[in-house]
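K.L.:
Residues per chain are reported as follows:
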Amino acid sequence: MTTAPARTAFEDNDHKPVGHGRMLRKEDPRFIRGKGRYIDDLQLPGMLHLAVLRSPFAHAKVVSVDTGLAEEHPKVRLVVTGAMLAEKGLAWMPTLSNDVQAVLATDKVRFQGQEVAFVVAEDRYAARDALELIDVEYEPLDPVVDVRTALSADAPVIRDDLEGKTDNHCFDWETGDAAATDAVFARADVVVSEDIVYPRVHPAPMETCGAVADYDAVDGRLTLWSTTQAPHAHRTLYAIVAGLPEHKIRVVAPDIGGGFGNKVPIYPGYVCAIVGSLLTGKPVKWVEDRSENLTSTGFARDYVMRGEIAATADGRILALRTHVLADHGAFNGTAAPLKYPAGFFGVFTGSYDIEAASCKMTAVYTNKAPGGVAYACSFRVTEAVYLVERMVDCLAYELKADPVALRRKNFIRPDQFPYRTRTGWVYDSGNYAPTMELATRIAGYDELRAEQAAKRERGELMGIGVSFFTEAVGAGPRKDMDILGLGMADGCELRVHPTGKAVVRLSVQTQGQGHETTFAQIVAEEIGIPPQDIEVVHGDTDQTPFGLGTYGSRSTPVSGAAAALVARKVRDKAKLIASGMLEVSVADLEWSKGAFHVKGDPSASVTIQDVAMRAHGAGDLPEGVEGGLEAQICYNPENLTYPHGAYICVVDIDPGTAKVTVRRFVAVDDCGTRINPMIIEGQVHGGLTDGVGMALMEMVSFDEDGNCLSGSLMDYLLPTALEVPDWETGFTVTPSPHHPIGAKGIGESATVGSPPALVNAVVDALRPFGVRHADMPLTPSRVWEAMQGRATPPN
Amino acid sequence: MEHSVELAELAVDAAALQMPRHVPEQGRRSKGLGRVGHRAVLKGAFSMQVPAPFEYRRAGTVGEAIGLLDRLGDTARLVAGGHSLLPMMKLRLANFEYLIDINDLHGELGFVAVEPGWIRIGAMTRHRELLESDPLAAAFPIFRDAERVIADPVVRNRGTLGGSLCQADPSEDLSAVCTTLDARCVIRGADGERVVPMADFHQGPYETAVGDAEILTEIRLPVHPNGSSAYEKVELRAGDWAVVSAGAAVRLDDEGLIADARVGLAAVGPNTAGIPGIADALRGRPPSQELYEQAGDLAAAGCDPVTDRRGSAEYKRYLARELTVRVLRTAVARIGAPPAAGDGDINRQGV
Numbered sequence: 044m045t046t047a048p049a050r051t052a053f054e055d056n057d058h059k060p061v062g063h064g065r066m067l068r069k070e071d072p073r074f075i076r077g078k079g080r081y082i083d084d085l086q087l088p089g090m091l092h093l094a095v096l097r098s099p100f101a102h103a104k105v106v107s108v109d110t111g112l113a114e115e116h117p118k119v120r121l122v123v124t125g126a127m128l129a130e131k132g133l134a135w136m137p138t139l140s141n142d143v144q145a146v147l148a149t150d151k152v153r154f155q156g157q158e159v160a161f162v163v164a165e166d167r168y169a170a171r172d173a174l175e176l177i178d179v180e181y182e183p184l185d186p187v188v189d190v191r192t193a194l195s196a197d198a199p200v201i202r203d204d205l206e207g208k209t210d211n212h213c214f215d216w217e218t219g220d221a222a223a224t225d226a227v228f229a230r231a232d233v234v235v236s237e238d239i240v241y242p243r244v245h246p247a248p249m250e251t252c253g254a255v256a257d258y259d260a261v262d263g264r265l266t267l268w269s270t271t272q273a274p275h276a277h278r279t280l281y282a283i284v285a286g287l288p289e290h291k292i293r294v295v296a297p298d299i300g301g302g303f304g305n306k307v308p309i310y311p312g313y314v315c316a317i318v319g320s321l322l323t324g325k326p327v328k329w330v331e332d333r334s335e336n337l338t339s340t341g342f343a344r345d346y347v348m349r350g351e352i353a354a355t356a357d358g359r360i361l362a363l364r365t366h367v368l369a370d371h372g373a374f375n376g377t378a379a380p381l382k383y384p385a386g387f388f389g390v391f392t393g394s395y396d397i398e399a400a401s402c403k404m405t406a407v408y409t410n411k412a413p414g415g416v417a418y419a420c421s422f423r424v425t426e427a428v429y430l431v432e433r434m435v436d437c438l439a440y441e442l443k444a445d446p447v448a449l450r451r452k453n454f455i456r457p458d459q460f461p462y463r464t465r466t467g468w469v470y471d472s473g474n475y476a477p478t479m480e481l482a483t484r485i486a487g488y489d490e491l492r493a494e495q496a497a498k499r500e501r502g503e504l505m506g507i508g509v510s511f512f513t514e515a516v517g518a519g520p521r522k523d524m525d526i527l528g529l530g531m532a533d534g535c536e537l538r539v540h541p542t543g544k545a546v547v548r549l550s551v552q553t554q555g556q557g558h559e560t561t562f563a564q565i566v567a568e569e570i571g572i573p574p575q576d577i578e579v580v581h582g583d584t585d586q587t588p589f590g591l592g593t594y595g596s597r598s599t600p601v602s603g604a605a606a607a608l609v610a611r612k613v614r615d616k617a618k619l620i621a622s623g624m625l626e627v628s629v630a631d632l633e634w635s636k637g638a639f640h641v642k643g644d645p646s647a648s649v650t651i652q653d654v655a656m657r658a659h660g661a662g663d664l665p666e667g668v669e670g671g672l673e674a675q676i677c678y679n680p681e682n683l684t685y686p687h688g689a690y691i692c693v694v695d696i697d698p699g700t701a702k703v704t705v706r707r708f709v710a711v712d713d714c715g716t717r718i719n720p721m722i723i724e725g726q727v728h729g730g731l732t733d734g735v736g737m738a739l740m741e742m743v744s745f746d747e748d749g750n751c752l753s754g755s756l757m758d759y760l761l762p763t764a765l766e767v768p769d770w771e772t773g774f775t776v777t778p779s780p781h782h783p784i785g786a787k788g789i790g791e792s793a794t795v796g797s798p799p800a801l802v803n804a805v806v807d808a809l810r811p812f813g814v815r816h817a818d819m820p821l822t823p824s825r826v827w828e829a830m831q832g833r834a835t836p837p838n
Numbered sequence: 214m215e216h217s218v219e220l221a222e223l224a225v226d227a228a229a230l231q232m233p234r235h236v237p238e239q240g241r242r243s244k245g246l247g248r249v250g251h252r253a254v255l256k257g258a259f260s261m262q263v264p265a266p267f268e269y270r271r272a273g274t275v276g277e278a279i280g281l282l283d284r285l286g287d288t289a290r291l292v293a294g295g296h297s298l299l300p301m302m303k304l305r306l307a308n309f310e311y312l313i314d315i316n317d318l319h320g321e322l323g324f325v326a327v328e329p330g331w332i333r334i335g336a337m338t339r340h341r342e343l344l345e346s347d348p349l350a351a352a353f354p355i356f357r358d359a360e361r362v363i364a365d366p367v368v369r370n371r372g373t374l375g376g377s378l379c380q381a382d383p384s385e386d387l388s389a390v391c392t393t394l395d396a397r398c399v400i401r402g403a404d405g406e407r408v409v410p411m412a413d414f415h416q417g418p419y420e421t422a423v424g425d426a427e428i429l430t431e432i433r434l435p436v437h438p439n440g441s442s443a444y445e446k447v448e449l450r451a452g453d454w455a456v457v458s459a460g461a462a463v464r465l466d467d468e469g470l471i472a473d474a475r476v477g478l479a480a481v482g483p484n485t486a487g488i489p490g491i492a493d494a495l496r497g498r499p500p501s502q503e504l505y506e507q508a509g510d511l512a513a514a515g516c517d518p519v520t521d522r523r524g525s526a527e528y529k530r531y532l533a534r535e536l537t538v539r540v541l542r543t544a545v546a547r548i549g550a551p552p553a554a555g556d557g558d559i560n561r562q563g564v
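For the protein sequence lines, the chains are A and B, in the order given.
The first sequence begins at 44 in this note's numbering and counts up by one.
The second sequence begins at 214 in this note's numbering and counts up by one.
Hints should not be assumed to be uniformly reliable.
Coverage of chain A stretches by chain B, computed from C-beta distances (three or more under 8 angstroms per stretch; other residues unrestricted) [as the list claims (entries may be wrong)]:
(1) 114–122
(2) 697–710
(3) 819–825
Partner residues aside, some chain A positions facing chain B, computed with beta carbon under 10 angstroms [what the hints assert, rightly or not]:
(4) G64
(5) R65
(6) T138
(7) N141
(8) E165
(9) R167
(10) M742
So these bits of chain A aren't anywhere near chain B, every CB distance computed over 12 angstroms [claimed, not checked]:
(11) A229
(12) G754
(13) A764
Keep in mind that the hints were calculated from the coordinates and are not lab data.
The beta carbon of each residue, even a glycine, is placed where N, CA and C say it ideally should be.
If we strip away everything but chain A, and leave its shape as in the complex, we get:
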């Protein structure tokens, strides 16, 4: 692995004992010893087990549900159908996109795997056995499977539950200036168009979704342990739906085995568990199995895109134009800020300074599972970056231009930041050329091109793929970003105990990102208490301040800023107390990490621990200063942060079998100030592996009847260590100007940036066959078909 040092104002301070740097993760001892506590580890006295009966049909009328036999099962305590929920007004629930979704089907089932009934029984086995005793009569309806025909006049209407609905239209969305874009296209020397599909994929977290609901009828309190990336947002939604005050609901997210956006939505299973506990008076556990997770929970992508790029003959990119057909499944369950139904797809202009851009999107309902924003997609930046980076390569193909040189020529220049894109996004900071330069240097780009030329002479297929991305993470400014009316700000509380140990309480929730370490380091850097002495509390609404949770790489940009600022607030108070202790004015104090010194008298100093004891002690405090050493804050980000990166991938393709081998992958990321480089590298490694999966093997596919063909990990393939090379990572540092410590998000950069690099590499390898584009997943069969000149969209 190569980690190339970059000399900038913010150096990687790996070797500093306090604060930012390469520190082992505080949470790892429990994980590597198998002592993590996940939902299924939770055992409560008298706990019952819930199993969900799901629809075998993609689209069918529910004629009748007979639960008689199931109720007779000796271990069954409760059987609930959609009709029973409807009596209580609970058959439908709001989605995060202001749509509604059936908790249990009443009128129709709208995707295969949809929830139809549930059983609560004394053990997990009995609950599953009883599902077989429920007799559901369905009247199958024609399903809408192909997004391209969803709006045709004869397509059956899926959402006839919505009043007046006569088609499968979900929403339209536009951005950019269509007229200006058309004008630029009309005068461009070169216009290249391509149909590009980003197939439906699934995040497939290692831990599937689940919950334990425990309603205490005596004090009217509901406790819900659940696999949620957003405990506070979920609690508020439960409160609204159930009519309970928030303080009667406690949502706890214990250790979570991966989220990737899959655990942002509220799933019917959680609601069923709550209903189960309400009706039985017992704790009820629901843990979905792998097939349920793959077939019914939040998918990602599923965009059918038409990309167009306009340029001058000498390779100056002028404009981008795109039409997108978005498959949102049976219910619009997308988790995105409300004013952004297409997420942040608007950043599809990428890293380039162009004259005009426009996008028209149509979203439709189909008989597939709901979802849409998941798998580390940064609210659709994944699709946007894939589109622009594929289109730039298509342009390079037509111009016979080098893809690195073409990108360099069109980069937004450093002096243009903050840069307002043609679709209205304000990139906070960026310095793209050095990042690209470092990536080409690590890769040995020129040597690779020479090797490729020699191999082509011999008929060998080697490809070099480049992508350069600008991410948009850290949602977001509350003036225009909210989820169901909840502003996307995050709270943080810091309490320093008398002995100088501290507890920091976050509103975001880790699913493996290392918050317990990173946030301790952020606070440590600001107040000089060693990170080992700072406990990070998160994932429990009773213990933490309100905030919107962890997704879209928002933890460090939003909550990380809150942690730094709350620590500074505590430090400011500590400084007042220190001035009293040292009997000097505040202006005469200097802060060096962990202690206040009297200017000009280094021997006169007090440590933060001294101050903490004084703050809680019996001695006098300066006038007007309260005892204690703590603070709280709610941080409203001024803007998103915009990390960037340059990725270079080298593939070899066996000309006989068309099998792609990823030989090398160089990833140079710029996420601003780096807090823990080891955690950053871990995030990047994971995202790159995701990219290999999506580019080469992953796809949620359906047959013509709407049957999901990817319902197990035998059929939905995830990459293993053998499919990935040794990652070669590097970094540059361009701090965010508005973030208190200059940090940007990193969690999804690699997932966003790697698929285009991989596909560009495969397409580059296939250049001798005249291939300009081939859709993911690039399985041997699909690569072979591209070699035969018959590349087809995936289905």
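Please build the complex by placing chain B on the supplied structure of chain A, with the hints as guidance.
P.N.:
Okay, now just chain B, sitting in the frame of chain A:
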């Protein structure tokens, strides 16, 4: 993982109110999957990674296992490694009232015995043991080729030769290997042993010649001088089922002409299959690229692939040709060459 069937495919076929491809009809006695309840499949497709109730027995000897099978009939199923059977039971695609665990038979049936003219392999020999066996690799390099790409170490530590053959999955690697090597299958029942040639062992997808009260105890492989073998598999991902795989076994005569050539293919038909025409076409001729390509054409013409998510039928047919050429070339090149050293070190094998 080693899995014998595209489970989701079975599930959705059933869900569409059709009997799943490869799954016997409801109520039919099945050597393969037991009584596959249509209703159970239909309802269980999406929430059944918990098996239905079953009884568990443990056999200490082959005789005891046969006695239990004899008594319990088709309500019982032997479980060896379990990596195919248990996932199917968890998905309730296969339901049995009794599982008879035969892992205690490993002492009796776990062996690789080299004898004059034959190698005998016990049915309970585990993948890892096949991978690590140097005598087996010396006589039949195809075994090590195949074992290196079967599933992953966890599965290889547990899965067995007999279990692989009895699962009778069309994509199963060891079935293709045994087809290629013209294996004889020794089946024992209450009345004694019978030997069935590999060509007759598989009787359709997931169905074999093993009766309800019988057990596959060993396979016998004829060893020919001046011969070698090879195996190659294209998979979407390490450990996945083959898109297509091919094995070849070639024997040369004293003049260096092909005395016999066998090719076995997986995942391109209802069972792993030999391509008998290849032996006739190649016999008596000197090995050459042109000859391999001719064999490849026969393989492509003689197989019957279907389009699925692992690839189009057209691509698979193409691949049958390409892999046939490759394994024939490798097998011939290996004749007379010393076996590669150190290949049996599993720590150096892929996942």
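K.L.:
Confirm or reject each hint.
P.N.:
Hint check results:
A count of 0 residues in the stretch 114–122 of chain A with a Cβ less than 8 angstroms from any Cβ of chain B is obtained; the coverage claim is therefore unmet, three being the minimum. Check result for the stretch 697–710 of chain A against chain B: holds, 4 residues qualifying (beta carbon to beta carbon below 8 angstroms, three or more required). Only residues whose beta carbon comes within less than 8 angstroms of a beta carbon in chain B count, and the stretch 819–825 of chain A has 3; three or more means the coverage holds. With its C-beta approaching chain B no nearer than about 34 angstroms, G64/A sits outside the 10 angstroms limit, and its interface hint is violated.
For R65/A, the interface hint is violated, since its Cβ never comes within 10 angstroms of a Cβ in chain B; the closest pair sits about 29 angstroms apart. Interface restraint check: T138/A against chain B, minimum CB-CB distance 21 angstroms, threshold 10 angstroms, status violated. The beta carbon of N141/A is not positioned within 10 angstroms of any beta carbon in chain B (closest approach about 27 angstroms), and the interface hint is therefore violated. Among the interface hints, the one on E165/A is violated; its C-beta lies about 14 angstroms from the nearest C-beta in chain B, farther than the 10 angstroms criterion.
Given the 10 angstroms rule on beta carbons, the hint for R167/A holds: about 6 angstroms separates it from the nearest Cβ of chain B. With a cut of 10 angstroms, the hint placing M742/A at the interface with chain B holds, because the nearest CB-to-CB distance is about 8 angstroms. Against the 12 angstroms criterion, A229/A stays outside the reach of chain B, whose nearest CB is about 41 angstroms from its own CB. Chain B draws G754/A into its interface by the beta-carbon criterion, the shortest separation being 4 angstroms against a cut-off of 12 angstroms.
Not every CB of chain B is more than 12 angstroms from the CB of A764/A (nearest about 6 angstroms), against its label as outside the interface.
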